[in-house]
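Modelling step: build the complete structure from the supplied sequences, incorporating the hints.
There are 2 protein chains.
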Amino acid sequence: MEEKKKRKREKAERIFFLNDPNLKTKVPIEYLSHKEKYEEAIRKACLVFQKVQQLQNEGKGGMDNFREILGGQLGSAILKDGHPLTLHYVMFIPTLMGQGISSNKRSGFKRDGITELGHGTFIRGLETTATYDPKTEEFVLNSPTLTSYKWWPGDVMGQSANYAIVVAQLYTQGKCHGIHPFIVQLRDEDTHEPLPGIKVGEIGCKLGMNSTNNGYLGFENVRIPRTNMLMKNNQVLPDGTYVQSPSSKLTYGTMIFVRVVLVQDAATYLKKAVTIATRYSAVRHQSQIKPDEPEPQIIDFITQQYKLFPYIATCFAFQYTASWLWDIYNNVTGELETGHLDNLPELHAASCVLKAVSSADAALGIETLRLACGGHGYMTSSNLPSTYGLVTAMCTYEGENTVLLLQTARYLIKIWQNKTNLQKLPTVRYLENSLYKNIPFEKSIEWIISALQQTAAGKIDIANRHILANESGVGKRTRMPGITLPLSCKLRQSWGLVLKQLLELYAVHTILRSTGDLLRFTNTLSKDVEVLQTWLEELLACIRPNAVGIVDRFRYARRSALVGF
Amino acid sequence: MEEKKKRKREKAERIFFLNDPNLKTKVPIEYLSHKEKYEEAIRKACLVFQKVQQLQNEGKGGMDNFREILGGQLGSAILKDGHPLTLHYVMFIPTLMGQGISSNKRSGFKRDGITELGHGTFIRGLETTATYDPKTEEFVLNSPTLTSYKWWPGDVMGQSANYAIVVAQLYTQGKCHGIHPFIVQLRDEDTHEPLPGIKVGEIGCKLGMNSTNNGYLGFENVRIPRTNMLMKNNQVLPDGTYVQSPSSKLTYGTMIFVRVVLVQDAATYLKKAVTIATRYSAVRHQSQIKPDEPEPQIIDFITQQYKLFPYIATCFAFQYTASWLWDIYNNVTGELETGHLDNLPELHAASCVLKAVSSADAALGIETLRLACGGHGYMTSSNLPSTYGLVTAMCTYEGENTVLLLQTARYLIKIWQNKTNLQKLPTVRYLENSLYKNIPFEKSIEWIISALQQTAAGKIDIANRHILANESGVGKRTRMPGITLPLSCKLRQSWGLVLKQLLELYAVHTILRSTGDLLRFTNTLSKDVEVLQTWLEELLACIRPNAVGIVDRFRYARRSALVGF
Chain A
1 MEEKKKRKRE
11 KAERIFFLND
21 PNLKTKVPIE
31 YLSHKEKYEE
41 AIRKACLVFQ
51 KVQQLQNEGK
61 GGMDNFREIL
71 GGQLGSAILK
81 DGHPLTLHYV
91 MFIPTLMGQG
101 ISSNKRSGFK
111 RDGITELGHG
121 TFIRGLETTA
131 TYDPKTEEFV
141 LNSPTLTSYK
151 WWPGDVMGQS
161 ANYAIVVAQL
171 YTQGKCHGIH
181 PFIVQLRDED
191 THEPLPGIKV
201 GEIGCKLGMN
211 STNNGYLGFE
221 NVRIPRTNML
231 MKNNQVLPDG
241 TYVQSPSSKL
251 TYGTMIFVRV
261 VLVQDAATYL
271 KKAVTIATRY
281 SAVRHQSQIK
291 PDEPEPQIID
301 FITQQYKLFP
311 YIATCFAFQY
321 TASWLWDIYN
331 NVTGELETGH
341 LDNLPELHAA
351 SCVLKAVSSA
361 DAALGIETLR
371 LACGGHGYMT
381 SSNLPSTYGL
391 VTAMCTYEGE
401 NTVLLLQTAR
411 YLIKIWQNKT
421 NLQKLPTVRY
431 LENSLYKNIP
441 FEKSIEWIIS
451 ALQQTAAGKI
461 DIANRHILAN
471 ESGVGKRTRM
481 PGITLPLSCK
491 LRQSWGLVLK
501 QLLELYAVHT
511 ILRSTGDLLR
521 FTNTLSKDVE
531 VLQTWLEELL
541 ACIRPNAVGI
551 VDRFRYARRS
561 ALVGF
Chain B
1 MEEKKKRKRE
11 KAERIFFLND
21 PNLKTKVPIE
31 YLSHKEKYEE
41 AIRKACLVFQ
51 KVQQLQNEGK
61 GGMDNFREIL
71 GGQLGSAILK
81 DGHPLTLHYV
91 MFIPTLMGQG
101 ISSNKRSGFK
111 RDGITELGHG
121 TFIRGLETTA
131 TYDPKTEEFV
141 LNSPTLTSYK
151 WWPGDVMGQS
161 ANYAIVVAQL
171 YTQGKCHGIH
181 PFIVQLRDED
191 THEPLPGIKV
201 GEIGCKLGMN
211 STNNGYLGFE
221 NVRIPRTNML
231 MKNNQVLPDG
241 TYVQSPSSKL
251 TYGTMIFVRV
261 VLVQDAATYL
271 KKAVTIATRY
281 SAVRHQSQIK
291 PDEPEPQIID
301 FITQQYKLFP
311 YIATCFAFQY
321 TASWLWDIYN
331 NVTGELETGH
341 LDNLPELHAA
351 SCVLKAVSSA
361 DAALGIETLR
371 LACGGHGYMT
381 SSNLPSTYGL
391 VTAMCTYEGE
401 NTVLLLQTAR
411 YLIKIWQNKT
421 NLQKLPTVRY
431 LENSLYKNIP
441 FEKSIEWIIS
451 ALQQTAAGKI
461 DIANRHILAN
471 ESGVGKRTRM
481 PGITLPLSCK
491 LRQSWGLVLK
501 QLLELYAVHT
511 ILRSTGDLLR
521 FTNTLSKDVE
531 VLQTWLEELL
541 ACIRPNAVGI
551 VDRFRYARRS
561 ALVGF
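Residue numbers (UniProt numbering), protein chains in the order written: chain A, 1 to 565; chain B, 1 to 565.
Keep in mind the hints are simulated off the structure, nothing from the lab. Where is the CB? At the ideal position from N, CA and C, for every residue including glycine.
Using C-beta positions, here's what the derived DEER-type ranges look like:
| no. | chain 1 | residue 1 | chain 2 | residue 2 | range |
| --- | --- | --- | --- | --- | --- |
| 1 | B | Glu530 | A | Lys490 | 49 to 57 angstroms |
| 2 | B | Arg555 | A | Asp327 | 19 to 27 angstroms |
| 3 | A | Glu295 | B | Trp326 | 34 to 42 angstroms |
| 4 | A | Ile467 | B | Arg555 | 44 to 52 angstroms |
| 5 | B | Cys46 | A | Lys8 | 53 to 61 angstroms |
| 6 | B | Glu2 | A | Ala541 | 31 to 39 angstroms |
Shown next as structure tokens:
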């Protein structure tokens, strides 16, 4: 955005939002009770929503993109512990519509309506059922188990929402057809009381985002009309016949969209934290280097610079990456509309890894920056704790980071095993000739990039060799049967042997955290590191059968009141 | 402690504490307002205090050590977001007395009474003054600046405490003698109102520990009797003559004591988190490896084991280290009493690094474990967020971790430069012959220990060579004069050049995070890593003059409402 437009926007933000006394903080939310926090957030969110609509109608202030306005700096200034209304209803939906994705498909992937107490990552395992009854042309919704209760749907479901999109296993004509989305009325529009068979409430306090009202939701024979199923992709006909959509790949687009947005969000939050910490470090003076000199600004200590400046640089890296990913996303979704799916796997892999890396690095960065502000960073008035609370949540939602990294790893292994056509894939093209390329060291960006590429190729190659040598992977491990834990687990080995394994595990894990130092200051070789890594995995397998028994010896579980189970 | 005694203790905990309905949580504290949180904590803390006193008087239940009872599992079960009374008045003081440290010395180093808004690490820079007036035989206390206000003194000072120990710069006969401790009455014992000239209140909400009532405290010509100075070490005579204690080294003991205790606390909190996460992982099922098999327990995934099991092992490492350090502490403080100070520097160095490493690793571990519980770990009901809140605070208080690491680094360099008598120092004896020892790799604990020793020696040697080559250290850097920040800082270079530096910094910082991979998968040499590290330091220096200007371009600081300045 050019400078003039920015200024116009900033002026509008000031006039219409920041200077509005009704949007100012009277009592900081952290002093309020949980209930008051939510009420205050709803009050502000409604006011913001009205204002934005009004401004849009009047064409004022360059307020032409909800998400850009409220998802960024302004939004987190007004509602610093999460947006109860704006996030999904004000930002996602208009932007998705802007992407030309029609109403039904969009609703089907409003992810917040999916998660259950027992299932988040593995959505095929959802337990809520929607069974079609052709006699009345209705679906009957049920929550057959405690774990089938919806858990997390936000941002207002706990106490406020009248309608929700619910993802459930579709049964018709005696057969399960997997998960599908349905619109369900939860509460009476007049009395606001839950409808019969609807069990709804708030899930409780969280590390952060306590201005949002995440809910639980269970069903007991709740009947909805057949037409409440969102049937853009798949359909159930009045007689109960299930008709499958020809293309299920199209549904990818929206999941990827959210991850693309999160890379931008990671940049936004990191910028906020790095601004606070840098300005604090310029104002804060401490210690005395020479007796006759004043105390220096702490920003002049290398140890402090080392904490701050790399994260200033990271903001730019994330920002440019987010823009790049946004462009790729638009290109690929444009291609999808015309039926070209070739570039979808690459976009999927890139968005998975970038969501995981940007959220994890932003969280690490914000904590580093917070700690760099000492005790002042521990106070909520620094805004750093709440910023961390928002970012660390990103590591878990919209695809848990470890799961996303495994998605990208799977893609890379596939590419590696089948190296044809790498030239067509810009993000992995370098893999074609990076393995042990051994470009002589030089102090340059070009060398660093090449070294990172060689490293990536080397690691993929090793991973691939391990997979080939051990095709069965996770499955190979002796797996214990599904268990109900006894109050206190007995060990399956002598305590002495267990302690020896724990000693080895601590030692191996510790030294593998310093592989770089190890290779520099001892005569360890790369193949020795592989031995250590294998050793670590052996130890994990040794400890597995005793893990619960070991922690039980800490005597917390025996006295569950101590951990608050 | 033997098994029988443990069981007796656990039974007493259950009967006297955990089963007491008055100590049970009616409304979880996170639902309460800030004010209610404190009131509830005070109510519980007083009740616990009475009960423990009663049990001690009756000699019941093996309740013979306050700290062991309340600092550990039981304490954090009853007051899970910090102890408003117990920590200092119930735990520290009795234990210190048990160590034979007399009342005056103890009070002088109740650290919480030291920190000011402007000074924490550099306590010689404290600004509060106590000026002796020989006419009335009183000290006159003043807070000459805003930054001289006491800030953080806990745990009940904000709203409750009637007395505090205040550390201030002592002036007598026109001369400053540095910081000394004074007992000061803050509030009227009957009305509980602050006394004239006392400005006291609570500092506000924090990331965690919101059951403690950290305060601020300022003075305006507050007069206290001469005898309120704690004069065990140094004295002011009635005529104003200052008499210095022959030994100031003795005061070390208590600072070290607190750090020794924190290593134990790190173990305790990590045990709690690892118990919660391990038991959760054994109960939680997710994903389907094979279509015909049930979903496995997530503890059976290597990725999950990798997050959990090393921290189970770490609990034992910390626990044994804490016990070892406790023994060393007792030995060395025993020697202090007889005037032998030889082993104090080694104990100081060991306690600094162990406090820093155990708090940082415990915090990292607890966050890793929390994230390993997915969304459930984000809920306060998992107890993981509050446990993290307590542990991350440990990284800052009682010696900020970076500062403590530098203390130990300084000791190591000193030892390295003067290698005589290493045999007398058990913790660093290995340095004598570890440098480039190059023991052939083998898969054994002995090799790992030796490799870590070689690594330590190699790193100390490099650091020492850098110091010798560049004696001036921090001071060498061009330092900006103390500044008042303008609202928006201008850059001192072209934006293009700044961006290039930021690009380089991101690249160098990123690759140095993966030194191990770099050395394994490229032909990088150890000396190349040194070049990269020097490059990083050069870039930090380049960015320093523009740091504030760069973050101002994020447009947060210009609109300070956005960050809540």
